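Protein chains in written order, with the numbering used here: chain S, 1 to 324; chain Z, 1 to 160; chain C, 1 to 206; chain W, 1 to 387.
Treat the hints with caution; some may be incorrect.
[Unchecked claim] Below 20 Å or equal to it, Euclidean Cα-Cα: the simulated EDC-like pairs (lysine to aspartate or glutamate) are:
#  : chain 1 : residue 1 : chain 2 : residue 2
1  : Z       : Lys69     : W       : Asp338
2  : W       : Lys105    : W       : Glu160
3  : C       : Lys43     : W       : Asp209
4  : C       : Lys55     : S       : Asp150
5  : W       : Lys100    : Z       : Asp20
6  : C       : Lys67     : W       : Glu202
7  : S       : Lys133    : W       : Glu204
8  : S       : Lys133    : W       : Asp50
9  : W       : Lys308    : C       : Glu65
10 : Z       : Lys91     : W       : Asp338
11 : C       : Lys43     : W       : Glu191
12 : C       : Lys67     : W       : Asp338
13 : Z       : Lys91     : Z       : Asp140
14 : C       : Lys118    : C       : Asp140
15 : Z       : Lys69     : W       : Glu61
16 : C       : Lys43     : W       : Asp197
17 : C       : Lys146    : W       : Glu208
18 : W       : Lys62     : Z       : Asp67
19 : C       : Lys43     : W       : Glu202
20 : W       : Lys317    : Z       : Asp67
21 : C       : Lys55     : W       : Glu61
22 : W       : Lys188    : C       : Asp140
23 : C       : Lys55     : W       : Glu191
24 : C       : Lys67     : W       : Glu42
25 : C       : Lys43     : W       : Glu226
26 : C       : Lys67     : W       : Glu151
27 : S       : Lys133    : W       : Glu18
28 : W       : Lys62     : Z       : Glu12
29 : W       : Lys317    : Z       : Glu70
30 : Z       : Lys148    : W       : Glu151
31 : S       : Lys133    : W       : Asp183
32 : C       : Lys146    : C       : Glu65
33 : Z       : Lys148    : W       : Glu65
Derived from the structure by calculation, the hints contain no laboratory data. Just so it is clear, the structure is predicted and the values come from calculations on it, not from any experiment.
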Amino acid sequence: MPAWLSPLVAPFIVLNVVIGLVTYVTLLERKFAARMQSRIGPYRVGPHGLLQPIADALKLMMKEDIVPRTADRRVYNLAPIVFLVPCMLIFATIPFAPGLGVADLNIGILFFLAVSSMEIVGLFMAGWGSNNKYALLSAMRAVNQIISYDLPFIFAALVPVLLAGSLKLSEIAAAQQGLWFIFYPVIGQLAFIAFVVSTLAAENRVPFDILEAESELVAGFRVEYSGMKFALIQLGEYAHVIGSSFLGAVLFLGAWAGPGPEWLGPLWMLLKAMFLFLLITWVRWSFVRIRVDQILTLSWKVLLPFTLLLLVSTAFVVVWRAGV
Amino acid sequence: MTREQAKALIDERFSSAQVDGDAPTSAEATASRPIVVTLPVDQWTAFAQFAKTTLGCRFFSFSSAVDWKEQGLEVVARIDNLDDGVGVMMKARLGPGVSACPSLVPVFRGAEWMERECYDMFGIQFEGHPDLRRMLLSDDWQGHPLLKSYAVDTPHPPYR
Amino acid sequence: MSNPVLPSSPTAKRPHGPEGPAPLRSSPTRVVSPLSVIRAVTKALWVTFLNLFRKPVTVHYPDEERKYPDRYRGLLALVYEKDTGEEACIGCRLCEYVCPPAVIKVEMLKTEKRNYAKSFSLELYACEFCELCVQVCPTDAIVMMKSFDLATADRREMLLDKDRLHAIGLQHQQSWATGNLLRAMQGPPKMARAEEVHAKPAGSQA
Amino acid sequence: MLDTAKTSKVEFDYSGGERLTMNMGPQHPSAHGVFRAILTLEGETIVGVDAVIGYLHRCHEKLSETLTYAQYPSIASKTDYVAAMTSELAYVMAAEQIGKIEVPKRAQYLRVIMAELQRVASHLLWLGTWCMDMGGALGGGATVFLYCIRERELILDLFESLVGARLLYGFYQVGGTRYDIPDGWAQKCRETINLIDARIGEYESLLEDNPFFLARAQGVGVISRELAEDVGIAGPLLRGSGVNFDLRRAAPYSSYEDFTFNVPVETGGDCFARYRVRMVEFRESIAIVRQALDRLPDGAISSRPGLKSVAQIRIPKGEAYARVEGPRGEVGCYLIADGSAKPYRMKWRGASFSNLAVLPHIIPGHKIADVVAIMGSVDPVFGEVDR
Numbered sequence: 001m002p003a004w005l006s007p008l009v010a011p012f013i014v015l016n017v018v019i020g021l022v023t024y025v026t027l028l029e030r031k032f033a034a035r036m037q038s039r040i041g042p043y044r045v046g047p048h049g050l051l052q053p054i055a056d057a058l059k060l061m062m063k064e065d066i067v068p069r070t071a072d073r074r075v076y077n078l079a080p081i082v083f084l085v086p087c088m089l090i091f092a093t094i095p096f097a098p099g100l101g102v103a104d105l106n107i108g109i110l111f112f113l114a115v116s117s118m119e120i121v122g123l124f125m126a127g128w129g130s131n132n133k134y135a136l137l138s139a140m141r142a143v144n145q146i147i148s149y150d151l152p153f154i155f156a157a158l159v160p161v162l163l164a165g166s167l168k169l170s171e172i173a174a175a176q177q178g179l180w181f182i183f184y185p186v187i188g189q190l191a192f193i194a195f196v197v198s199t200l201a202a203e204n205r206v207p208f209d210i211l212e213a214e215s216e217l218v219a220g221f222r223v224e225y226s227g228m229k230f231a232l233i234q235l236g237e238y239a240h241v242i243g244s245s246f247l248g249a250v251l252f253l254g255a256w257a258g259p260g261p262e263w264l265g266p267l268w269m270l271l272k273a274m275f276l277f278l279l280i281t282w283v284r285w286s287f288v289r290i291r292v293d294q295i296l297t298l299s300w301k302v303l304l305p306f307t308l309l310l311l312v313s314t315a316f317v318v319v320w321r322a323g324v
Numbered sequence: 001m002t003r004e005q006a007k008a009l010i011d012e013r014f015s016s017a018q019v020d021g022d023a024p025t026s027a028e029a030t031a032s033r034p035i036v037v038t039l040p041v042d043q044w045t046a047f048a049q050f051a052k053t054t055l056g057c058r059f060f061s062f063s064s065a066v067d068w069k070e071q072g073l074e075v076v077a078r079i080d081n082l083d084d085g086v087g088v089m090m091k092a093r094l095g096p097g098v099s100a101c102p103s104l105v106p107v108f109r110g111a112e113w114m115e116r117e118c119y120d121m122f123g124i125q126f127e128g129h130p131d132l133r134r135m136l137l138s139d140d141w142q143g144h145p146l147l148k149s150y151a152v153d154t155p156h157p158p159y160r
Numbered sequence: 001m002s003n004p005v006l007p008s009s010p011t012a013k014r015p016h017g018p019e020g021p022a023p024l025r026s027s028p029t030r031v032v033s034p035l036s037v038i039r040a041v042t043k044a045l046w047v048t049f050l051n052l053f054r055k056p057v058t059v060h061y062p063d064e065e066r067k068y069p070d071r072y073r074g075l076l077a078l079v080y081e082k083d084t085g086e087e088a089c090i091g092c093r094l095c096e097y098v099c100p101p102a103v104i105k106v107e108m109l110k111t112e113k114r115n116y117a118k119s120f121s122l123e124l125y126a127c128e129f130c131e132l133c134v135q136v137c138p139t140d141a142i143v144m145m146k147s148f149d150l151a152t153a154d155r156r157e158m159l160l161d162k163d164r165l166h167a168i169g170l171q172h173q174q175s176w177a178t179g180n181l182l183r184a185m186q187g188p189p190k191m192a193r194a195e196e197v198h199a200k201p202a203g204s205q206a
Numbered sequence: 001m002l003d004t005a006k007t008s009k010v011e012f013d014y015s016g017g018e019r020l021t022m023n024m025g026p027q028h029p030s031a032h033g034v035f036r037a038i039l040t041l042e043g044e045t046i047v048g049v050d051a052v053i054g055y056l057h058r059c060h061e062k063l064s065e066t067l068t069y070a071q072y073p074s075i076a077s078k079t080d081y082v083a084a085m086t087s088e089l090a091y092v093m094a095a096e097q098i099g100k101i102e103v104p105k106r107a108q109y110l111r112v113i114m115a116e117l118q119r120v121a122s123h124l125l126w127l128g129t130w131c132m133d134m135g136g137a138l139g140g141g142a143t144v145f146l147y148c149i150r151e152r153e154l155i156l157d158l159f160e161s162l163v164g165a166r167l168l169y170g171f172y173q174v175g176g177t178r179y180d181i182p183d184g185w186a187q188k189c190r191e192t193i194n195l196i197d198a199r200i201g202e203y204e205s206l207l208e209d210n211p212f213f214l215a216r217a218q219g220v221g222v223i224s225r226e227l228a229e230d231v232g233i234a235g236p237l238l239r240g241s242g243v244n245f246d247l248r249r250a251a252p253y254s255s256y257e258d259f260t261f262n263v264p265v266e267t268g269g270d271c272f273a274r275y276r277v278r279m280v281e282f283r284e285s286i287a288i289v290r291q292a293l294d295r296l297p298d299g300a301i302s303s304r305p306g307l308k309s310v311a312q313i314r315i316p317k318g319e320a321y322a323r324v325e326g327p328r329g330e331v332g333c334y335l336i337a338d339g340s341a342k343p344y345r346m347k348w349r350g351a352s353f354s355n356l357a358v359l360p361h362i363i364p365g366h367k368i369a370d371v372v373a374i375m376g377s378v379d380p381v382f383g384e385v386d387r
């Protein structure tokens, strides 16, 4: 294999796996949600609806791509790409198995957090570009919400870093061989809850999904998009959710640790990520959305001090454990 | 405030008002039957104010109108005293050809939409109404549908 | 204060009606303490989790047919008489007068033995399925079927004429209600007062 | 006040500190039907509302002057199509009051059973659509909506086996009812209401002290007692604002005095108070249906012979105002008869029309998300608003 090609192979494979995973995760969510609501979910396309995601993708590709006349053309067209790129980049540093991963940077988690907060730029471009009142309102709400939830998200993600003593994701995973960080006496559980809540908010999932609150803002910033652009935004959103659930699996559920032979690692990793994803979906289908100002007060007045306190206390515990 | 006390108060305060024209039926029915008061038009708002303050009829049920062809339009309003279960049905004949009437909005805020609908359906101009425009029909609609003179869609061969 | 009062300062005070603070509450305000949050969240999640194992209620419509009750008000149809096999309708136009949206149009054909309906048209797209026509029909000619699937791409096909109505009559299963049965169920008051309990459902119609 | 003509062309003007005029409806997903609210916004807070209705106006009052007493009951259910059983009852009772027609005891009990079942079905739809508005079609709200619809279908099955139709029934007739309950219906009805009684407990545990739901419902859309009576709102809204008035207790009709039930009253006046009132009303209606089923007398179901022709029912000259306690409040029918087979004038007092009239008085000061919550708790049905 020529030298210039080898760095491209791993990202190419991971990218395709992620896109495939994202399409089939939407089906998993729709089936799971349907069962919770005593209905069936997609059933017609293919056996038990298995071809439904492919049908959706093809449909979106064939749909006409309408650009509103008064839209700010350049910003409107660029927005989906600027939104999608960060959502794909976050998979770069996630170790799927001991050696398997695109790039195991020694500042792995820092890269993840930095890139994942870049998506807000694409989002606001979409809201502003489509020159639509509903989109503008939802873009403004989005900026408020994501910025105010990035901090608790970072603090909650830093607790395992402190426990493992390194930023490198594979080392964090290795440190959990004996004891998964979620089972760490008190700190683990609290950090896990904080992590899940702030993931929910960072990706605008219910109960914080005021971004595309259909009952008020129809479809939020995506209202003017159709066809492939709409698919890109949808892809980006689900990729972000799965990226966070993979990160959660690595940080709290001991990545590829699990009974059975060594080569089963990636499977365990996938199962744990899917468990986290179903947890997010389960919460999504059980709660009512809360108002914008309540979300912000929850973040600044409750979540931020709580995660800060948690971080400081983990630091003390680590120092005390190291000292004794 | 029983039904009889209310009727006595009305007779004494509004001499020109005619109370309870029709004969009472079975006892049980009279208990819940409203007091029907026919008023001259100029006392319309005054009586509503009196009913709201002294008779305690604070609940504004509805207000509408009836088109008696030649005898002209008649305005109807129904207000209730919820605690004592006394209902008052106010009526006022506008006289032939007249389509103006004092508004109840200063007394009851609920009358705002009701009177806009009355204007929309009967063309009655309510003086003192803050914003009298059509309530249900579009602004460029011609005519007032509930007048008896408004032609009804006569039975027709299957036109659809 | 007819139109809404616009609050002076843009940052409007705690949102309650312009009439000032609300009266005290009778049911205690649910204070949101951390413990109650955890308990409520788990209770809510438990309900949805519980439902995960209930059988879904969806009926696969085109494949499985839902069981219709026997008084189902479906498509309208004309029937033939049981014994003579002739058309039951005598063109008396009672159903035409009673139909609230006036969708039925009947012309009578007079012959010496009995009358027939020369033409009978029913605009199904405007019919309200209120079953008044079935109720007033003296000879139980017009009845309702236990099916509703007559979806067509063209509105004009919904203007049913006599033989289409007869065809529908043969095609589907007839529901329970016919003129005489309905009138008997409503029961003439004299009969009910004379006897003490049930009016006989048989043709006791005076 | 904004007049509608001017606001048709609405643009942004970014002169700073400006007010955004936003259009909510008439095709808005949470508009509960066809309703357009022109909101004047400052940021997220609403400072002005102008409601535009009339999209579903069919002029029922003119229609009732052209249809006879035999035909109109099945059309009357099209005013409040979510609670068809109670809206027909008002018209039929008005005609009976004028004509002094006596309704047999069994028919009165049947009317009570059907009205209370319809109240449960209508409240189920209210709870479902309200949670869907607040929770989003792709979120927790949809879960509650689908649960409620699953239960409402059971009640519609009952109505379907009784009358044959699922939404608009034409079950009433001047003088009694048009149908009697088929055998086995009473037993199926008891099973259904027992199941629903249990399921309501499930909804309450899903919503009751759920912090997200409370945050959206408490203190939002407060209607003071004085404003409530002044605008003439009725039913759960009135009882939610502290007025102890229920027509079934204040002016009992159709033998409601035979049943024991208590009337829930909350003094909060906000969306949560109205929610509490309706949740208690669920259980009260189920209790009434049980009592009525146990004591259902035998006998005729109508005091007049079966309907044979269109002009069979003639009402003597006179007028009457009959009131019924519908799920949304007092549904009234003011009828003037001139002795012929058709009424001279019929005024329909829709409960939702007055309930909706309170919105422009309470919405200013709230956020956009609250408008949706308030609209849901007022539970307007636009067939009744526009008539």
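Status of each hint after checking the structure:
Between lysine 69(Z) and aspartate 338(W) the CA atoms are separated by roughly 13 Å; this keeps the pair inside 20 Å, and the hint holds. The hinted pair formed by lysine 105(W) and glutamate 160(W) fails the criterion: a straight-line CA distance of about 23 Å is larger than 20 Å. In summary, the hint linking lysine 43(C) to aspartate 209(W) is supported, as the alpha carbons are separated by about 10 Å, within the 20 Å threshold. Taking the CA atoms of lysine 55(C) and aspartate 150(S), the gap is near 40 Å; set against the 20 Å cutoff, the hint is violated.
Pair hint lysine 100(W) plus aspartate 20(Z) holds up; C-alpha atoms about 18 Å apart against a cutoff of 20 Å. A distance of roughly 28 Å separates the Cα atoms of lysine 67(C) and glutamate 202(W); the hinted pair therefore is violated under the 20 Å criterion. Of the supplied pair hints, the one linking lysine 133(S) and glutamate 204(W) is violated, its CA atoms being roughly 36 Å apart against a limit of 20 Å. This hinted pair checks out: lysine 133(S) and aspartate 50(W) have alpha carbons roughly 18 Å apart, not beyond 20 Å.
A hinted pair counts as satisfied when its Cα atoms are at most 20 Å apart, and lysine 308(W) with glutamate 65(C) does not qualify at roughly 35 Å. The suggested pairing of lysine 91(Z) with aspartate 338(W) holds, with an alpha-carbon distance near 18 Å, which does not exceed 20 Å. Distance check on the hinted pair: lysine 43(C) and glutamate 191(W) sit about 26 Å apart at the alpha-carbon level, beyond 20 Å; violated. Between lysine 67(C) and aspartate 338(W), the direct Cα distance comes to roughly 46 Å. Violation of the 20 Å bound is thereby established for this hinted pair.
Between lysine 91(Z) and aspartate 140(Z) the CA atoms are separated by roughly 30 Å; this puts the pair beyond 20 Å, and the hint is violated. With a C-alpha separation of about 18 Å, the suggested pairing of lysine 118(C) with aspartate 140(C) holds against the 20 Å cut-off. The straight-line distance between the Cα atoms of lysine 69(Z) and glutamate 61(W) is roughly 16 Å, inside the 20 Å bound, and the hint therefore holds. Distance check on the hinted pair: lysine 43(C) and aspartate 197(W) sit about 18 Å apart at the alpha-carbon level, within 20 Å; holds.
Distance check on the hinted pair: lysine 146(C) and glutamate 208(W) sit about 42 Å apart at the alpha-carbon level, beyond 20 Å; violated. Between lysine 62(W) and aspartate 67(Z), the direct Cα distance comes to roughly 12 Å. Compliance with the 20 Å bound is thereby established for this hinted pair. For a cut-off of 20 Å, the pair hint linking lysine 43(C) to glutamate 202(W) stands: about 10 Å separates their Cα positions. Restraint check: the Cα-Cα separation between lysine 317(W) and aspartate 67(Z) comes to about 16 Å, which is no more than 20 Å; the hinted pair holds.
For the suggested pair lysine 55(C) and glutamate 61(W), the alpha carbons sit about 46 Å apart, so the restraint of at most 20 Å is broken. Between lysine 188(W) and aspartate 140(C) the alpha-carbon distance is near 30 Å, which puts this suggested pair outside the 20 Å criterion. With a C-alpha separation of about 18 Å, the suggested pair lysine 55(C) and glutamate 191(W) falls inside the 20 Å cut-off, and the hint holds. This hinted pair does not check out: lysine 67(C) and glutamate 42(W) have alpha carbons roughly 54 Å apart, beyond 20 Å.
Taken as a hint, the lysine 43(C) and glutamate 226(W) pair is broken in the structure, with Cα atoms around 38 Å apart against an allowance of 20 Å. This hinted pair checks out: lysine 67(C) and glutamate 151(W) have alpha carbons roughly 18 Å apart, not beyond 20 Å. With a C-alpha separation of about 14 Å, the suggested pairing of lysine 133(S) with glutamate 18(W) holds against the 20 Å cut-off. This hinted pair does not check out: lysine 62(W) and glutamate 12(Z) have alpha carbons roughly 39 Å apart, beyond 20 Å.
Simply put, lysine 317(W) and glutamate 70(Z) have alpha-carbon atoms about 18 Å apart, close enough for the 20 Å limit, and the pair holds. With a C-alpha separation of about 46 Å, the suggested pair lysine 148(Z) and glutamate 151(W) falls outside the 20 Å cut-off, and the hint is violated. With a CA separation close to 58 Å, the supplied pair lysine 133(S) and aspartate 183(W) exceeds the 20 Å bound. The suggested pairing of lysine 146(C) with glutamate 65(C) holds, with an alpha-carbon distance near 11 Å, which does not exceed 20 Å.
As the CA atoms of lysine 148(Z) and glutamate 65(W) are separated by approximately 10 Å, the hinted pair is consistent with the 20 Å bound.
Checked against the numbered hints given earlier, the structure breaks hints 2, 4, 6, 7, 9, 11, 12, 13, 17, 21, 22, 24, 25, 28, 30 and 31 and satisfies all the rest.
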